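Could you slot chain E onto chain S? The hints should help.
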Amino acid sequence: MLELSISELLEQAAAGNSGAWDEIVSRYSGLVWAVSRGFALSMADAADVSQTTWLRLVEHLGKLREPEHLGGWLATTARHECLRTLRKGGREVVAFDAGIDIESGEPTPEAVVLHDERDRLVWLSLGEIPQRCQVLLRALSSSPPPSYDEVSAALGMPIGSIGPTRARCLDHLKKRLRAHEVDTRTREGGA
Amino acid sequence: MSEPTTDPMYATLRNVIDHADPVPQAVVDAARATYTWRTIDAELAELTADSAMATAGVRSASAPRLLTFEGAGVEVEVEVAHTGSTRHLSGQLVPMGPAQITVRWSNGSHETTADDLGRFAVDRVPAGSVSLAILRTGADQPIVTSWISI
Chain S
1 MLELSISELL EQAAAGNSGA WDEIVSRYSG LVWAVSRGFA LSMADAADVS
51 QTTWLRLVEH LGKLREPEHL GGWLATTARH ECLRTLRKGG REVVAFDAGI
101 DIESGEPTPE AVVLHDERDR LVWLSLGEIP QRCQVLLRAL SSSPPPSYDE
151 VSAALGMPIG SIGPTRARCL DHLKKRLRAH EVDTRTREGG A
Chain E
1 MSEPTTDPMY ATLRNVIDHA DPVPQAVVDA ARATYTWRTI DAELAELTAD
51 SAMATAGVRS ASAPRLLTFE GAGVEVEVEV AHTGSTRHLS GQLVPMGPAQ
101 ITVRWSNGSH ETTADDLGRF AVDRVPAGSV SLAILRTGAD QPIVTSWISI
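Heads up: the protein sequence lines correspond to chains S and E, in order. Take the first sequence: its letter number 170 is residue 170 in the working numbering, and every next letter is one higher. Take the second sequence: its letter number 67 is residue 67 in the working numbering, and every next letter is one higher.
Any given hint might turn out to be false.
Unchecked claim - List of simulated lysine to aspartate or glutamate pairs, EDC-like, C-alpha gap at most 20 Å:
| hint | chain 1 | residue 1 | chain 2 | residue 2 |
| --- | --- | --- | --- | --- |
| 1 | S | K88 | E | D50 |
| 2 | S | K63 | E | D7 |
| 3 | S | K174 | S | E128 |
| 4 | S | K174 | S | E117 |
| 5 | S | K88 | E | D41 |
| 6 | S | K63 | S | E23 |
| 7 | S | K175 | E | E79 |
| 8 | S | K174 | E | E70 |
| 9 | S | K175 | S | E117 |
| 10 | S | K63 | S | E8 |
| 11 | S | K63 | S | E128 |
| 12 | S | K88 | E | E77 |
| 13 | S | K63 | S | E11 |
| 14 | S | K175 | S | D119 |
| 15 | S | K63 | E | E43 |
| 16 | S | K63 | E | E46 |
| 17 | S | K63 | S | D119 |
| 18 | S | K88 | S | D149 |
| 19 | S | K88 | E | E46 |
| 20 | S | K63 | E | E70 |
| 21 | S | K174 | S | D116 |
To be verified - According to the in silico footprint, chain S covers these stretches of chain E (three or more CB under 8 Å from chain S):
| hint | stretch |
| --- | --- |
| 22 | 8–21 |
| 23 | 121–135 |
In short, the hints are calculated from the structure, not lab data. Predicted model, so just to flag it, every value in this text is computed and none were measured. Here a beta-carbon is modelled for each residue, glycine too, at the ideal position from N, C-alpha and C.
Chain E extracted, bound-state conformation:
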């Protein structure tokens, strides 16, 4: 702390929070394990739009969520629909073109392909953190999208 917190209430508060709501060990373990998703040769496509962040009056709770990622000269649009506790993803690569796509989540992944028009779809993706690794036909470096919770 950059200045002393003399009020004894701070010590009480720290003690109470430590006991009532410590970081669960499973959360710390999972944070350590994220390191296995380190990619050293991939370009990053960052999230540039998320319909969930639109103001409440504009969005509808039942409408699919739209995500846009951009980077390395590629735009990836992904629509997220809820099917119970899993998610259905349908996407579009811009510019259009075929690609190998790996949908990655915390403890698994699924391979699929984008067709000649750059369209792809994946069913039964678990809710939680997700990222796509995309290798366009003819490209030598994959593109990974920023991780996002769906």
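The following block holds chain S by itself, in its conformation from the complex:
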């Protein structure tokens, strides 16, 4: 099914082909997750945003105006849901009983041990740069690599601004790394 375009996959999913739906999820779950976690949502909230985003797509199957820009649509929907989650008042943040058992099954990123010290400091530094940069760098690093169109949607930022912003964000990250006394010029000891 890898050879099908996203428009074809959407058409098939709208017609009842669940295999096409699974393929769409495989292609874009990384981007949706990257956006949610980039906004510094907890695991539970990020799972919630992901779920709502995919349910939104289910209800819009066959109704998207530009099916070829699905990635951008998903990134925009996820970003809006993140902002909604962040603005919601009085929410018990850990409550997540919508059928996904994350608390007991998966290690949280905070609990993940990065054996390489440099990797650990890169992860730490990523959490210390401006939020917008975290969203940008995480979206750019999602797998499969997103298009600029999709990254632009994830941030609500014009495509032309992404290149320069990306460079600034990388500088922020390197500054934090240098503060942790990590050499940012080579990959030695990391990756």
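Quick look at chain E alone, frame taken from chain S:
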């Protein structure tokens, strides 16, 4: 990527994120499972107002959240109140009138009815993604509200 990312820091970053915060398998599985909520014969009522999106100075954290959905000539107003980890929904259909209402969430649903004045209430809805399917008396097509996280 539409231009090469030559800085080796990008490769490091991708590697670190892949290891530290991959998409949890449960999240991918849940995303696949959302397909079962596909409705082929329903009209969609989209979210048009959400008090949670009001600016911080205007809203109060303790006040119930108000949601408005509109579509297919119907307006659905829903008030969401917190009761521990579950939610209490009370709603109003405009124009007024009776209806069968199904509150749907990721792994379950609950049936109720709206009275002659279009009012309905549902208790103990789990926090998470929720949508209402509404079949008005005399209508042949249901209306579903856009999914929203409550």
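Point to revise | K174/S paired with E70/E [C-alpha distance capped at 20 Å] | key: The hint is violated at about 48 Å.
Review point. Is the Cα-Cα distance between K175/S and D119/S 20 Å or less?
Key: Given pair K175/S, D119/S holds - Cα atoms ~15 Å apart, limit 20 Å.
Check your understanding: Is the hinted pair K174/S and E128/S satisfied, with a Cα-Cα distance of at most 20 Å?
Key -> The hint holds at about 11 Å.
Practice item. Take a quick look at whether K63/S and D119/S sit within 20 Å of each other, Cα to Cα. Key: Given pair K63/S, D119/S is violated - Cα atoms ~43 Å apart, limit 20 Å.
Review point. Hey, K63/S versus E11/S, does the alpha-carbon distance stay inside 20 Å?
Key: With Cα atoms ~10 Å apart, K63/S and E11/S stay inside 20 Å; holds.
Review point. Do three or more residues of the stretch 121–135 of chain E come closer than 8 Å to chain S, measuring C-beta to C-beta?
Key: n = 5 at 8 Å, threshold three: holds.
Exercise for review: For the pair we were handed, K88/S and D41/E, check the Cα-Cα distance against 20 Å.
Suggested key: violated (32 Å)
Check your understanding: Are the Cα atoms of K174/S and E117/S separated by 20 Å or less?
Key -> holds (16 Å)
Point to revise | Given hint D116/S paired with K174/S - CA-CA distance at most 20 Å | key: holds (17 Å)
Review point. Under the criterion that the straight-line Cα-Cα distance not exceed 20 Å, is the pair K175/S, E79/E satisfied?
Key: violated (47 Å)
Check your understanding: Can the restraint linking K63/S and D7/E be considered satisfied, given a maximum Cα separation of 20 Å?
Key -> Answer violated: K63/S to D7/E is near 40 Å, above 20 Å.
Point to revise | Restraint status (C-alpha distance of K63/S to E46/E at most 20 Å) | key: holds (13 Å)
This entry does not satisfy hints 2, 5, 7, 8, 11, 17 and 18, going by the numbered hints stated previously.
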